[in-house]
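A.B. asks: These protein sequences, in sequence, are chains G and C. Going by numbering that gives the first Met the number 0, the residue at position 130 of the first sequence is 129; the numbering climbs one at a time, nothing skipped. Going by numbering that gives the first Met the number 0, the residue at position 281 of the second sequence is 280; the numbering climbs one at a time, nothing skipped.
The reader is advised that the hints may include incorrect statements.
So the derived label-pair ranges between C-beta atoms look like this [to be verified]:
id: 1; chain 1: G; residue 1: 191; chain 2: C; residue 2: 137; range: 18 to 26 Å
id: 2; chain 1: G; residue 1: 68; chain 2: C; residue 2: 718; range: 35 to 43 Å
id: 3; chain 1: C; residue 1: 25; chain 2: G; residue 2: 68; range: 54 to 62 Å
id: 4; chain 1: G; residue 1: 77; chain 2: C; residue 2: 75; range: 52 to 60 Å
id: 5; chain 1: C; residue 1: 630; chain 2: G; residue 2: 221; range: 46 to 54 Å
id: 6; chain 1: C; residue 1: 473; chain 2: G; residue 2: 191; range: 40 to 48 Å
id: 7; chain 1: G; residue 1: 139; chain 2: C; residue 2: 79; range: 44 to 52 Å
id: 8; chain 1: C; residue 1: 67; chain 2: G; residue 2: 77; range: 31 to 39 Å
id: 9; chain 1: C; residue 1: 576; chain 2: G; residue 2: 221; range: 38 to 46 Å
id: 10; chain 1: G; residue 1: 68; chain 2: C; residue 2: 98; range: 24 to 32 Å
id: 11; chain 1: C; residue 1: 67; chain 2: G; residue 2: 191; range: 58 to 66 Å
id: 12; chain 1: C; residue 1: 655; chain 2: G; residue 2: 221; range: 34 to 42 Å
id: 13; chain 1: C; residue 1: 548; chain 2: G; residue 2: 77; range: 33 to 41 Å
What the hints contain is simulated information worked out from the structure, not anything from laboratory work. The beta-carbon is built from N, C-alpha and C at its ideal position, and this holds for glycine as well.
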Amino acid sequence: MPREEKKKSAEENEKDRSGGISRREFTIASMAIFGAASVGEGKAITQVANKKLAQPGIASQATAKLPLTSSARKISLTVNKWKYEVYVEPEWILRDVLRDQLGFLSIKDMCNGYGACGSCTVIMDGRPVLSCMTFAAECDSATIETAEGVAVDMQDLIEAYVMNHCMQCGYCTPGFVVTAKALLDRIPKPTEGEIRDALGGNICRCGTYTQHILAIKEVTGNA
Amino acid sequence: MYGLKEGEPLYPWLWPAPEGGMIGKRRVPRVDGYEKASGSAVYTRDIYRPGMLYAKFLRSPHAHAKIKRLDTSKAEALQGVRAVLRYDDPGIQWPKLSGQALVSDTNHWYEGMVGAVVVGESEAIVDRALRLIELEMEELPVILDVEEALKPDAPIMRPDVDPKSNHRPRFGPYFKYGDIEKGFAEADKVIEWKAITEHDVWAGVEAHVGVAECRGDYLDVWHHGQNWLTMMTGLRPYSPLNKIHLYLPYNGAFFGGSSLIASHHTAEVAVIAARRTGCPVKVLDDESHFVGGDEDARSRYYFKVGFKLDGRITAVQLRCYEAWVTETTTNKIYKGTSIPNIYITCDSAAYTKPFDQCFKHGCSTVRVTTQVWEHVAGELGMDPSKIAQINDGVEGHDMAYVNEHVKKPQGFDTARDSCKEVNELGKKIMEWDKKWHLPGTKILPNGKYHGMGYVSTVEWAHTVGTGGMGIRVNADGSVDLLATQCDGGWAGQTAYSQIAADEMGVSFEDIRLRPFEGRDGFVTEPGGGSQGLSGSSLTTVRASRKMKQLILEKVTQPTPLRRTLGNLMPSRPAFFPNKKPEELDMKDSVIFEKAHPENKKTLAQIAGALTYYLFVWDYTMAHTGRGGVEHEYGMVRQAHFVEIEVDPDTGGIEILKQVSVNDGGKVINPDAFNGQQYGGAYMGLSRSTKETLYFDPKTGLALNDNLIGYPVNVMNDVASIDCAIVETGLGYAPYGSCGVGEDGGACNHTIMPTAVYNAIGKYVDSEPVTPDKILKALGKA
Ligand code: FES
Ligand code: FES
């Protein structure tokens with residue numbers, strides 16, 4: 000079930016810490032300026048249109064009907080080449096919608112949604128983005144790729160990851176895989192410096208960093 | 000002994016590893032690799048049950064306070080809230096472990112402590128309900144320093160535990176060996192100094208979570224943790240243990256335990272909430288990365304060391320607070336040196352510090368040897384690696400004694416000298432002899448100080464453990480290793496599969512470690528990871544050998560006429576008639592006659608023709624498994640080296656190169672072994688240079704308890720890491736192997752003071768070694 004309040008509590012936390020305007024307030028203010036969304040209580044509408052097309056092999060975790068407010072809007076997403084339509088509230092976070100509603104469990108959360116770890120990375124319209132820092136409402140018509148999709152699309156990358164022990168506990172690994180795929184889409188034969196720059200924002204507490212460089216070089220023949 | 004090959008010695012460390020197979024091979028595909036890379040690996044946070052509720056904690060907003068009023072009525076009234084479990088609920092007995100608790104059972108609250116648990120239909124509802132709870136508290140004094148808490152006039156922090164004193168002993172009796180006064184009397188020189196560590200935390204990966212579901216009389220629990228046994232024991236109050244199913248999915252790294260209190264109690268709270276609501280409950284403790292502190296967080300060490308002018312150390316006296324340096328935590332200065340006189344006292348106090356965590360455990364005790372080598376070498380103007388070599392030994396004895404009285408009778412190779420070998424190899428890779436210099440004597444053309452750091456100590460996962468494993472051959476010839484999983488990322492599944500493949504003669508691809516509940520006897524990795532492979536490889540070898548023997552026996556016997564599911568099954572002639580098991584062998588899942596290899600059958604053919612599974616199990620106690628040897632000595636060593644530059648203007652450290660050399664005895668999976676080396680180096684260097692929580696001295700609250708404020712190493716923080724392996728066969732596990740797991744993380748945690756001393760010629764024995772401390776030592780701040 001989406002966590003419509005999670006962002007609020009995280010923002011309040013952040014506000015407590017910073018003593019100033021929270022990131023969410025700032026973003027919502029910007030959204031209002033650009034007319035992207037307005038926040039307000041309204042008559043509840045029920046039901047979420049979830050998957051238009053169920054994807055085989057991925058379990059949906061959307062088990063309950065969600066009471067939505069009138070500010071909810073329908074967005075369509077293409078995730079790993081499958082099309083979905085889903086109602087979202089303005090403050091819902093992309094990570095929660097993809098993971099909790101659509102069942103893409105490869106999307107993780109190591110930093111409690113602070114935008115610090117990269118484990119929630121997805122490729123959106125060709126660019127790696129932190130799904131914990133992205134409002135779902137802003138993603139209408141977006142094309143998204145998660146690690147589940149990379150595993151189908153770029154099998155040699157996954158194989159190189161397995162052979163080079165790019166994972167220990169593995170919790171950060173899907174985030175690295177997705178970031179690496181985005182890099183290879185952009186630069187088919189990256190240099191070591193480009194690999195380091197691209198993956199420099201992902202945290203691996205197990206310290207597998209050295210291996211990602213080897214795996215990516217192996218898959219591009221740059222070894 | 001069952002499983003012993005003919006002519007083989009009783010001691011498993013003397014068994015030769017099968018040649019030409021998977022053991023010791025590089026580029027073996029990790030068996031958990033595809034799942035983890037593709038995102039299909041299931042962690043406890045990925046468990047969802049139909050009708051599942053969510054629970055979260057109301058934590059103490061103060062570092063130390065007393066509750067005056069807790070009003071949960073508005074939260075309880077919120078639609079979608081199913082229960083609010085309060086600390087003072089008379090119907091609940093909140094769990095405790097070693098006197099510590101996650102949920103308070105008094106009105107005294109501490110930072111990190113939980114006072115109420117809200118259970119609701121969604122995370123959003125729970126978050127909203129938490130904000131509706133009204134809480135009035137009276138703030139109480141905060142003491143952030145263990146030594147402050149021990150002063151006679153300090154306010155009593157836990158009157159409920161002891162109304163007179165804050166003092167707490169730390170893990171049992173003080174450690175005494177030899178005659179400390181005699182040791183000082185024999186010394187040419189005696190030096191004293193103090194070292195401190197600040198507050199590093201797990202800053203973990205998958206935050207704590209527990210899921211519980213009651214099914215009639217039965218209880219299912221999913222636990223994010225590594226230690227099946229202690230978790231199961233903790234569940235005793237909730238159900239007869241034979242009605243509990245305890246699952247340990249993959250772990251977003253724990254590194255050995257994180258906080259046992261927090262992780263175990265999170266699962267237990269899930270059970271309490273599931274019982275109360277009648278629904279499955281997932282408890283999410285999102286803040287748990289930063290609650291608590293490492294085993295050595297906020298420790299103080301007072302050293303007094305006596306030594307001869309040739310570098311031989313005669314006495315080590317250590318008074319420490321908070322650090323875990325007792326014998327129970329494998330006191331490395333005792334286990335791995337010839338120092339004859341040692342006296343260590345460890346104390347703690349009740350003060351404002353939440354639970355102990357423990358991750359890449361062992362840094363407290365490694366720090367003792369690191370500090371001693373550094374200071375004795377510093378006083379004598381010597382290379383610290385030479386001090387380590389001079390004082391190498393085991394439990395107060397030098398290596399000549401060990402060769403004669405330990406290695407020889409136990410069959411180890413007396414020609415191997417682990418300390419010498421790891422040092423020589425590491426120094427060669429680092430070009431140590433060319434680069435090392437006297438402290439504070441090398442300034443580079445760029446104006447920076449150049450420094451070389453060094454740590455060496457005993458490998459502590461060198462022992463054999465008690466454990467069990469079952470093996471089943473399925474009807475298609477595939478093989479299940481039935482073992483408990485406590486995956487923390489060190490590729491134990493892969494290594495067990497490699498051993499089983501080679502010992503059985505089954506293809507590696509056909510083997511799968513099937514995580515199995517330990518209640519059925521197959522408690523593999525019972526220690527929760529620290530000594531996983533070395534501890535449990537013995538039972539893996541024995542179970543594999545039993546299975547091979549069973550297969551070779553079965554194929555030489557006819558199958559009699561029998562009734563299965565009411566059908567009369569015809570008798571079947573033996574697959575290898577008139578042959579004896581010893582005339583056959585199995586390799587790559589093919590059984591063949593040794594004298595006529597063309598006479599062969601695949602394991603799949605045989606398993607498919609049987610109407611039953613082939614199954615064996617093994618349970619081996621450590622002391623019987625190691626052939627009656629009572630005591631295992633630490634003869635395997637490791638050494639870590641680092642090269643840095645220190646900017647004299649900013650105090651900044653740049654890590655140029657790191658080298659880790661570990662003696663694995665006999666390495667099963669070199670890639671996974673290396674993984675623990677470079678992984679440990681990344682984490683250890685991070686803890687040594689930057690990781691600490693900062694606390695507001697007035698309120699006692701942590702100021703940087705999130706991954707934005709708390710710095711951890713990322714890809715570009717270490718320029719180069721070289722990992723090398725030595726294999727002396729001096730471990731006690733089969734083939735002479737020993738584990739490596741947490742060593743690199745613990746050792747490199749203690750390395751930076753040595754490198755900085757070598758760079759600037761001044762001691763900065765305070766970890767992490769941050770720029771401000773360096774500037775202060777240089778007289779610039
Ligand atoms: S969850 Fe950490 S960056 Fe998104
Ligand atoms: S593999 Fe564990 S955090 Fe990266």
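A.B. asks: Which constraints among the numbered hints does this structure fail? Numbers only, ascending.
C.D. replies: Those not satisfied are hints 1, 2, 4, 7, 8, 9, 10, 12 and 13.
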